[in-house]
Amino acid sequence: MILSDIEKIIADEGVFVSTTSGVSMYPLLRDRKDTIVVTPSTERLKKYDVALFRRGDSYVLHRVIEVLPDSYVIRGDNCIMPDHVKDADILGRLTGIYRSEKEIDMLGRGYRLYSRLIVFISPLVRLKLRLKSVFNHIKHKK
Amino acid sequence: MKIKSGYVIRQVMGNYVVIATGEESRGFHGMVKLNETAANIWSYISEGKSEEDIVSLMIAEYDVEEQQLRSDVQKTIKTLIQQGFVEL
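Chains A and B are the protein sequences, given in the same order.
Just so you know, the first sequence maps onto residues 1 to 142 in my numbering.
Just so you know, the second sequence maps onto residues 1 to 88 in my numbering.
Everything labelled a hint here was simulated from the structure, so no lab data went into it.
Keep in mind that the hints are not guaranteed to be accurate.
As the list claims (entries may be wrong) - Label-pair restraints from in silico Cβ distances:
| id | chain 1 | residue 1 | chain 2 | residue 2 | range |
| --- | --- | --- | --- | --- | --- |
| 1 | B | 26 | A | 108 | 17 to 23 Å |
| 2 | B | 52 | A | 102 | 30 to 36 Å |
| 3 | A | 102 | B | 48 | 43 to 49 Å |
| 4 | B | 52 | A | 110 | 42 to 48 Å |
| 5 | A | 56 | B | 49 | 44 to 50 Å |
| 6 | B | 52 | A | 21 | 37 to 43 Å |
| 7 | B | 43 | A | 110 | 25 to 31 Å |
| 8 | A | 126 | B | 46 | 36 to 42 Å |
| 9 | A | 80 | B | 30 | 30 to 36 Å |
Said to hold, decoys possible - Derived lysine-lysine pairs resembling DSS-like cross-links, with alpha carbons at most 25 Å apart:
| id | chain 1 | residue 1 | chain 2 | residue 2 |
| --- | --- | --- | --- | --- |
| 10 | B | 49 | A | 8 |
| 11 | B | 4 | B | 33 |
| 12 | A | 102 | B | 49 |
| 13 | A | 128 | A | 139 |
| 14 | B | 49 | B | 4 |
| 15 | A | 102 | B | 2 |
| 16 | B | 33 | A | 139 |
| 17 | B | 4 | B | 78 |
| 18 | B | 4 | B | 75 |
| 19 | B | 2 | B | 49 |
| 20 | A | 33 | B | 33 |
| 21 | A | 47 | A | 86 |
| 22 | B | 49 | B | 75 |
| 23 | B | 2 | B | 75 |
| 24 | A | 102 | B | 78 |
| 25 | B | 78 | B | 49 |
| 26 | B | 75 | A | 102 |
| 27 | A | 33 | B | 75 |
| 28 | B | 33 | B | 49 |
| 29 | A | 8 | A | 33 |
| 30 | B | 78 | B | 33 |
| 31 | B | 2 | B | 78 |
| 32 | A | 86 | A | 46 |
Ideal Cβ positions, reconstructed from N, Cα and C, are used throughout, including at glycine.
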């Protein structure tokens with residue numbers, strides 16, 4: 001994407017609709033399959049919001065896991081390492097998701113529960129659980 | 001006539017926009033706004049309707065003169081083809 005386009009679209013249209021690439025927000029967003037709707041945020045973001053932000057020459061859509069006085073700690077649902085993002089680099093907030101053709105109710109209980117669980121059970125925790133189960137499996141075999 | 005695989009229409013905040021998904025999103029990154037009439041035509045094309053079908057259906061729906069409507073439908077379809085969203 002011509003990178004300045006995203007910022008121009010958000011500024012001109014007040015909304016940015018697109019698909020996403022990569023696996024960093026998997027399983028919520030699948031590579032080039034699902035649709036995101038991003039709108040500029042007039043207020044500060046809250047924990048569990050998904051932010052579109054500038055990271056060097058690229059744009060990233062990840063979840064806020066901690067709100068600091070003038071910045072955020074933001075991590076992809078499927079990522080181990082978080083980013084520390086200044087308010088000035090935040091372009092907008094994810095306000096709509098279509099998984100294939102189905103629109104997700106982002107205010108609904110299912111999505112809110114998912115957001116909380118996915119932050120709580122981060123990929124690192126998931127990896128530890130998996131290793132533990134493999135380890136137990138090996139132990140049982142002995 | 002059909003919508004090219006990978007292009008989808010989404011209604012967002014009262015607007016209709018076309019975006020690319022899947023392999024198409026590697027080459028097309030934009031977001032094209034459609035007005036309600038064009039969005040209607042899009043949905044008829046996705047249902048497999050011909051230009052003639054679309055004109056008859058829309059005459060029943062809109063209070064306009066047939067000649068004007070036919071010309072608008074043709075123009076819209078031509079634009080959708082030129083943009084690469086629709087293929088014959």
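Results for each hint:
no.	hint	result
1	B/26 to A/108: 17 to 23 Å	violated, 32 Å
2	B/52 to A/102: 30 to 36 Å	holds, 33 Å
3	A/102 to B/48: 43 to 49 Å	violated, 22 Å
4	B/52 to A/110: 42 to 48 Å	holds, 44 Å
5	A/56 to B/49: 44 to 50 Å	holds, 47 Å
6	B/52 to A/21: 37 to 43 Å	holds, 39 Å
7	B/43 to A/110: 25 to 31 Å	holds, 28 Å
8	A/126 to B/46: 36 to 42 Å	holds, 39 Å
9	A/80 to B/30: 30 to 36 Å	holds, 33 Å
10	B/49 to A/8	violated, 36 Å
11	B/4 to B/33	holds, 17 Å
12	A/102 to B/49	holds, 24 Å
13	A/128 to A/139	holds, 16 Å
14	B/49 to B/4	holds, 15 Å
15	A/102 to B/2	holds, 22 Å
16	B/33 to A/139	violated, 59 Å
17	B/4 to B/78	holds, 14 Å
18	B/4 to B/75	holds, 18 Å
19	B/2 to B/49	holds, 9 Å
20	A/33 to B/33	holds, 20 Å
21	A/47 to A/86	holds, 15 Å
22	B/49 to B/75	holds, 16 Å
23	B/2 to B/75	holds, 16 Å
24	A/102 to B/78	violated, 29 Å
25	B/78 to B/49	holds, 15 Å
26	B/75 to A/102	violated, 31 Å
27	A/33 to B/75	violated, 30 Å
28	B/33 to B/49	holds, 22 Å
29	A/8 to A/33	holds, 24 Å
30	B/78 to B/33	holds, 16 Å
31	B/2 to B/78	holds, 13 Å
32	A/86 to A/46	holds, 14 Å
Against the hints set out earlier in the document, violations occur for numbers 1, 3, 10, 16, 24, 26 and 27.
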